[in-house]
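A.B. asks: Sequence order for the protein chains is A and B. When the letters of the first sequence are read in order and numbered with this note's numbering, they come out as residues 1 to 217. When the letters of the second sequence are read in order and numbered with this note's numbering, they come out as residues 1 to 332.
To be clear, the hints were calculated from the coordinates, so they are not data collected in a lab. Backbone N, C-alpha and C fix where the C-beta goes; we use that ideal spot for every residue, glycine too. Just so you know, not all the hints are guaranteed correct.
[As the list claims (entries may be wrong)] Negatives, chain B to chain A, calculated, CB over 10 Å: (1) Glu3; (2) Asp19; (3) Thr73; (4) Arg76; (5) Ala85; (6) Pro89; (7) Lys91.
[Stated by the list, open to error] So, partial list: chain A residues that the calculated Cβ filter (under 8 Å) puts toward chain B: (8) Asp109; (9) Val110; (10) Ala113; (11) Val115; (12) Ser116; (13) Ile132; (14) Phe175; (15) Gly199; (16) Gln201; (17) Thr205; (18) Val210.
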Amino acid sequence: MTWIGDNTALIWEQLREHLYLALVPMLLGLLISIPLGYVATRFSWLANPLVALGGVLYSLPSIALFIVLPAILGTQVLSSVNIIVALTIYAVSLLIRNVIDGLRSVPEDVLQAAVSVGYGTLRRVVTIDLPIAVPVIFAGLRVVTVANISMVSVGAIIGIGGLGELFTTGFQQDFLTPIVVGVVLSLALALVADILLVGLQRVLTPWARVISPVKEA
Amino acid sequence: MIEFEDVTKQYPDGTVAVDELSLRIPSNEITVFVGPSGCGKTTSLRMINRTIERSSGRITIDGEDITAGDPVTLRRGIGYVIQHAGLFPHKTVVDNVATVPKLLGWDKKKTRATAMELLERVGLDLKLAERYPAQLSGGQQQRVGVARALAADPKIMLMDEPFSAVDPIVRQQLQEELLRLQRDIGKTIVFVTHDIDEAIKLGDNVAVLRVGGKLAQFAPPAELLANPTDDFVESFIGQDRGYRKLTFLKADNLPLAGLPADLSLDDDGQPLGWKRGGELIPVGATFKPGGSLRAAMDSVLTSAVGQGVCVDEAGKAVGVIDYTALAGVLRP
Chain A
1 MTWIGDNTAL IWEQLREHLY LALVPMLLGL LISIPLGYVA TRFSWLANPL VALGGVLYSL
61 PSIALFIVLP AILGTQVLSS VNIIVALTIY AVSLLIRNVI DGLRSVPEDV LQAAVSVGYG
121 TLRRVVTIDL PIAVPVIFAG LRVVTVANIS MVSVGAIIGI GGLGELFTTG FQQDFLTPIV
181 VGVVLSLALA LVADILLVGL QRVLTPWARV ISPVKEA
Chain B
1 MIEFEDVTKQ YPDGTVAVDE LSLRIPSNEI TVFVGPSGCG KTTSLRMINR TIERSSGRIT
61 IDGEDITAGD PVTLRRGIGY VIQHAGLFPH KTVVDNVATV PKLLGWDKKK TRATAMELLE
121 RVGLDLKLAE RYPAQLSGGQ QQRVGVARAL AADPKIMLMD EPFSAVDPIV RQQLQEELLR
181 LQRDIGKTIV FVTHDIDEAI KLGDNVAVLR VGGKLAQFAP PAELLANPTD DFVESFIGQD
241 RGYRKLTFLK ADNLPLAGLP ADLSLDDDGQ PLGWKRGGEL IPVGATFKPG GSLRAAMDSV
301 LTSAVGQGVC VDEAGKAVGV IDYTALAGVL RP
């Protein structure tokens, strides 16, 4: 326990880094997969290849990706950019399916009504299509967030891994406490992030919780 | 006035949805496009707000070609109601109604006031304003759809089978409310339906279209029933067009008989029933002097004693008519 007291600053630093390395790719993944998903619903022949490509990319082992990326990107091996790019690739490959499914879940008559009352395309996508797609997109976002939080630790192998670095410290020193702290904090982080996402979704979709038809007046 | 001049819609695969359609849709009246599926009625309607672009020909609104401006601006000036209402599920009722004013950038206060006023106008309880569409019945949703279409006070309203997904009783209510509303607002309404009864009930003019997008006949309903232009129109109108034609004939100047002694009346002169062996038999449907011949006919047909009772606005019995007398009027 004294180890924890002696290393609070380090633990906080790793936690902060872990959060950063997990959340930035999640946000980037969202920013990339939304326009990509929209294009795939406009040109529907693109949807299946994109989802399939996502599946292939997601099956790449993360360690391999962390190691190969510096060569491709020309970054330093110890740069956090590698982790962020790798996790963004995973995020996009998972989210693309949900964004496409979510945009497709917008009922045809709603789309037709939106166009007919005079929405321009961009305004329609932002204020009609995406809000209606939120429940489906958030289902994917929750998976991505939890997966990212667990995968950041793998980065410790190449020296940047947030809480994962507590694991390497523990293994190197044959000392259990940092490993336990790392595991507990990773789990807690995943749990808190998931709860926050569920809360955010509830705030964003008050309409999705009201299914109680009123009798004909 | 909306005018179609030789308008054709052909899809890339060669299907002709609308074939050289020419017609004039008069302002401030209800014009109904009716026909079987595949007759191009919805396509014709959607070419007016350019959600479908025509292949050739010209469509003008008050003389101006609709392709002169930007389609989004055009659409904001034309109300639009569809089957199942197409309400935005993530917006409250009042926000749904406020859609077009918001797009047009009206100030918030005016937008909300207008939306609330419209909800009232289409017969919705204002308590529903903050609900979401999923919390409303089909009929209520359709009323919200009409309110949304009217929010920015457009001159034209397009309605694409708006009442076909609700049950018959609600449909009838909605039809009657549309007619009542139209008496107040006098919009140029183009209404699409596959139901000829709905077309005849609502339309000031009815355009009957046949499969392949050709106009078969364009006429007021009474004219359509009296003189169908060909076999297609005649069969589409249905078997009982003679009876339905009576809807458009006024029941004034009928040879009413005086009130018979066996018709029991209350103190206000309203009919209670027919006296038969110490019992009262219900009078059935009654009709008014200014009503339709169809109502008079219905009154005779539903009467247990073969006599229809004519009542004035206050419900006071003013006379009766029987089969023989009515038949004399119906004889051409």
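A.B. asks: For each hint, tell me whether it holds in the structure or not.
C.D. replies: Hints, verified against the model:
1. Even its closest Cβ contact with chain A, about 21 Å, leaves Glu3 of chain B beyond 10 Å, as expected for a residue assigned away from the interface.
2. Even its closest Cβ contact with chain A, about 24 Å, leaves Asp19 of chain B beyond 10 Å, as expected for a residue assigned away from the interface.
3. Some Cβ of chain A comes within 10 Å of the Cβ of Thr73 of chain B; the nearest lies about 7 Å off, and the non-interface call is violated.
4. With a cut of 10 Å on Cβ distances, Arg76 of chain B falls inside the contact zone with chain A, its closest approach being about 4 Å.
5. For Ala85 of chain B, the non-interface assignment is contradicted: its Cβ lies about 8 Å from the closest Cβ of chain A, within the 10 Å cut-off.
6. In this structure Pro89 of chain B is not separated from chain A by more than 10 Å, as the shortest Cβ-Cβ distance comes to only about 6 Å.
7. With a minimum CB-CB distance of about 8 Å to chain A, Lys91 of chain B fails to clear the 10 Å threshold, and the non-interface call is violated.
8. Checking Asp109 of chain A against chain B by beta carbon gives a least distance of about 4 Å; that is within 8 Å, so the hint holds.
9. A cut of 8 Å between beta carbons decides the hint on Val110 of chain A: the least distance to chain B is about 5 Å, and the hint holds.
10. Given the 8 Å rule on beta carbons, the hint for Ala113 of chain A holds: about 3 Å separates it from the nearest Cβ of chain B.
11. For the restraint placing Val115 of chain A at the interface with chain B, the shortest Cβ-Cβ distance is roughly 6 Å, inside the 8 Å limit, so the hint holds.
12. A hinted interface residue such as Ser116 of chain A counts as satisfied when its beta carbon comes closer than 8 Å to some beta carbon of chain B; here the least separation is about 4 Å, so the hint holds.
13. Because the closest C-beta pair between Ile132 of chain A and chain B is about 6 Å apart, less than 8 Å, the hint holds.
14. Interface restraint check for Phe175 of chain A: the shortest CB-CB distance to chain B comes to about 52 Å, outside 8 Å, so the restraint is violated.
15. Because the smallest distance between the Cβ of Gly199 of chain A and any Cβ of chain B comes to about 18 Å, over 8 Å, the interface hint for this residue is violated.
16. With a least beta-carbon distance of about 12 Å to chain B, the hint placing Gln201 of chain A at the interface is violated under the 8 Å criterion.
17. Hint on Thr205 of chain A holds. Least Cβ distance to chain B is approximately 7 Å, under the 8 Å limit.
18. For Val210 of chain A, the interface hint holds, the least distance from its beta-carbon to any beta-carbon of chain B being 5 Å, beneath 8 Å.
Going through the hint list in order, the structure does not satisfy hints 3, 4, 5, 6, 7, 14, 15, 16.
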